[in-house]
Amino acid sequence: MAKDPVLVVFQLTGGNDYLNTIIPRNNPLYRDYRKLVVIPEGEEIPIDDDYGFHPEMAPLKPFWDEGKMALIHGIGYENSPRSHFRSMDIWHTCEPDKVGTEGWVGRLIKTVDPNKENVLTGVNFGQGLPRAMALPGVPVASVSDIENYGVLTGITAEDQRARALERFARMYSPAIGRGPVMDYLGQTGLDALKGADILKTAPEKYSSTVEYAATPIAQKLRGIAMVHLANLGTRVFYTQHASFDTHASQMPGHQQLWKDCSAAISDFFADLREHDAADNVVMIMFTEFGRRVRDNGSGTDHGAGGVAFAIGDPVKGGHYSEYPSLKLEDLQEGDLVPNYDFRGFYSSLLEQHMGLDPTEIVDGTFEQLDFIRK
Amino acid sequence: MAGKNIALMAHLMRRAGFGAAYEELEARAAKGYEATVEELLEPDANGVPEYDELTLARYFPDMEVPSAPALGTANFMYHLYTTPRPLVEKMTLFWHMLFATGNSKVDNPPEMLQQIEMFRQHGMGNYKELLMGVAKDPSMIFWLDNNQNHKLAPNENWGRELLELFSMGQGNYTEDDVKMAARAFTGWTILPKIPRTPYQRHHWKFIYKAEDHDDGEKTFLGHKGNLNGEDIIDIIVDQPATAQFMARHLYNYFVADEVQVPSWLDFPPRDPEAVKAIADTFVKSGFEIKDTLRFLFNSDFFKDESVWFAKVKNPAEVVAGTIRLIGDFKEPRPGVLPIGLEGTYQGQDLINPPSVEGWHTGKEWVDTGSLVRRVNFVADSLSNTDMPGVQAIINRLGSNGTLTPEQLVDGCLELLGAIRVEDGTRQQLVDHVKASGEIKRGSSEDEVRAFGQRVTEVLQLIAATREYQFG
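Sequence lines, in order, name chains A and B.
In this text, residue positions in the first sequence follow this note's numbering: the first is 796, and each later residue adds one.
In this text, residue positions in the second sequence follow this note's numbering: the first is 36, and each later residue adds one.
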């Protein structure tokens, strides 16, 4: 039986440095611009004649070699404000020109599950809710600790908590209360309870030989793996890691970020593969913008064009779109100029991987790339 | 009678502030309702101390001049739960929710806090003066692109939102009026500021650039002339639609939840007479907010039991209200940042509304994610027996003679602020207490602790009810 496609959205928060992630190793301009915030020659991990990975991305190299990693070059949109929050909002809402409040992932969830048949169609691992998932009427579980998620988790005594939750369900029953707002709260509370009840089976069912690191990102991906492996019908996961905003001390900072992320991603897919549950999963990594071509002596400042990733068995690996020109005359305000609209990236995933019509979700028609296997 | 007075006072404090612990309710009820309204409206005349900025500066310098947005959020939230002047802060929040300006674009938390401070200083003064302050506020100018509104290339963003969201509301002006308003505000801009590096952020300054101002004749809402921004504001404030719109906002914020603002054109107010009465007072007073609030809080339509618990609490009220109820932060302690973030995780990121329309309010504060968050935060807080407010509730219940399950439940509901729940909910709470066995009190350490646990269990369950989401 064919499995439903699953998307894992992994946000690199802060603006990941394109140049030191996918290194244009034989382009002399790279070392012209980057005097101090640079990967020394020979230390990068070559992936072909022209490019190399950041040395800490070694755990991700096998995905490239297997043809399961797509690099989407020069991704972004016109007139980047180079502001974290504005840029991130744009990626979340697909609204580059005006302030948007509806998230594309929220729309995705609504398209996949219009009748709210599964309150766990979309699950966020982190605190609060990213705007990408915000859409009125769309239930989303936001899990900060999978082993301890739910209503009244402060009641630690198990039997006491069980009784409290049973009482909660009774107090939220439709039999009590008058008026549309009480009804709405009743339904919301019962949905939340149902979601938590279902989610708590995930750690219970989980067993794996993979030992994830104790880092926050590894634990988040482990949580996602747990929920995915528990077959709860979740179609989209969201998480993020911060902070890639390396204005200063970028050499050690960026190194640690990629060390933690690469190990976590590698463990995540190893976990899924061990359980034969990887073949329908695509993970994407994106960031709100790349960083300046010239370093500032200790780090780099906000740029424009960046790189996004798609990793997974359904992915047709390779380079997509174009690495923007590093030539001075081709830069805009000292930054790489994006040449591929991020909404095309979303559209490719929505249509080719998730099997959905992307037009309403990203609010338009955008050029798609061919990085999903047919 | 005493019960009703406390209950009414609890209603007033929830609406005109962020709630209060029971002892405070008793003290205020003893002073009397009208006297309390006066004290809330005129803290200076009534000897209520001002906000203690020195404590903030001494213990939380990082929050006083925030470098990160979350610290700015934490600063505003800190004011809400520590202020001696709850109505002043409640109005500050009102204006922030109305003149919604977002740090996501302004990208300058200290600048945003200056705007908040303007609301704090002038939010209970004169509406026209406040609107002028907003028109010259650098964060607002940048947020709504009025710095890009030029004589030769107008930008309508500020002009439009001024009419649509900040004064008259949709349906009371034409597109031409929007264009004219935009032209009238050309030249109202900000000086470029010193760059952020290397010495951190600097403030913008408002400047009027006469050379960039469109001096041509304009016709705005029937008035003709070389209208400038001040004239637009004068004309707007005199419009009956403005009084009506602002009155409805005050009703929505203080009295009972209305539908969302975009639907106001299609749905009349739930109490049109009350809104009209507020609007009339607003006009008669010369647009003085204090006088209007005095009228509102003393009106039957506010005091009537039918509007008690008729509003879904916003996250700021949930968080600040809980902190005040349990008596946390009577003295500075570490942990102000997570408290600020709690509001964010519950869906209200102070100093960073999602758009100029502000936040969706009423029942839209609640979704599966935020409900879990609200319930857990309040339940955890109310189970913290280290908190003086929680101890006070336990001690008060412990000082009675024998305690039946009904008395325990009713006692908890009362001490939490005369909370009302449906009969069915109350029965569930009573049944829960019954199912947990006899309520024992005694003086031994174990007995005291056991009794405390019985009480906090009930408090947690009350925090989890649907009814507790209302204020």
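I should point out that these hints are in silico values taken from the structure, not numbers from a laboratory.
Don't take every hint at face value.
Result set (BS3-like, lysine-lysine): computed pairs, CA atoms no more than 25 Å apart in a straight line [claimed, not checked]:
| no. | chain 1 | residue 1 | chain 2 | residue 2 |
| --- | --- | --- | --- | --- |
| 1 | A | 989 | B | 325 |
| 2 | B | 338 | B | 325 |
| 3 | A | 995 | A | 911 |
| 4 | B | 171 | A | 893 |
| 5 | A | 905 | B | 338 |
Now for the hints, and whether the structure bears them out:
A distance of roughly 47 Å separates the Cα atoms of residue 989 (chain A) and residue 325 (chain B); the hinted pair therefore is violated under the 25 Å criterion. Restraint check for residue 338 (chain B) and residue 325 (chain B): satisfied, since their Cα atoms lie roughly 18 Å apart, inside the 25 Å limit. This hinted pair checks out: residue 995 (chain A) and residue 911 (chain A) have alpha carbons roughly 20 Å apart, not beyond 25 Å. Taking the CA atoms of residue 171 (chain B) and residue 893 (chain A), the gap is about 23 Å. The hint holds against a cut of 25 Å.
Pair hint residue 905 (chain A) plus residue 338 (chain B) does not hold up; C-alpha atoms about 42 Å apart against a cutoff of 25 Å.
In this structure, the hints that do not hold are numbers 1 and 5, in rising order.
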